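Could you build all of it, start to finish, from the sequences and the hints given here?
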Amino acid sequence: MKENEEGAVLTDRDVRELVAGVLDIDVADVGTDTSFYVDLDMDSLHKAEFVVALERACDAEFAPADAARMDSVGDVLRLLRDRHRVS
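Start counting the sequence shown at 52; every next residue gets the next number (our numbering).
These are calculated hints, taken from the structure and not from any lab test. Being a predicted model, the structure only gives us computed values, none of them experimental. Quick reminder that beta carbons are idealized off the backbone N, C-alpha and C, glycines included. You can take every hint at face value.
Label-pair restraints from in silico Cβ distances:
| id | residue 1 | residue 2 | range |
| --- | --- | --- | --- |
| 1 | Arg129 | Ala104 | 16 to 24 Å |
| 2 | Asp117 | Thr62 | 15 to 23 Å |
| 3 | Ala79 | Ala104 | 14 to 22 Å |
| 4 | Ser95 | Ala71 | 15 to 23 Å |
| 5 | Asp92 | Gly125 | 12 to 20 Å |
| 6 | Val89 | Asp110 | 28 to 36 Å |
| 7 | Val60 | Asp92 | 26 to 34 Å |
| 8 | Val78 | Arg107 | 12 to 20 Å |
| 9 | Asp77 | Ala116 | 27 to 35 Å |
What follows is the structure, given as structure tokens:
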């Protein structure tokens, strides 16, 4: 990850690796539009672990409403872009 004055800049690959790490799966199984719940069987505990890992990786905190809208890597990237944290 690259750093800037606002914190860590995350890429699609970075977010996919975070998801894969939390779920203990191969990163190749995580696509940008892969649903965390439908396709990867992510449960609420995994989701909480992912959000904490994401917050640490990008040095940011997410409101519960934002975390609830994260259902795919694409959703996460859109949220981060809105916060100016993704390249």
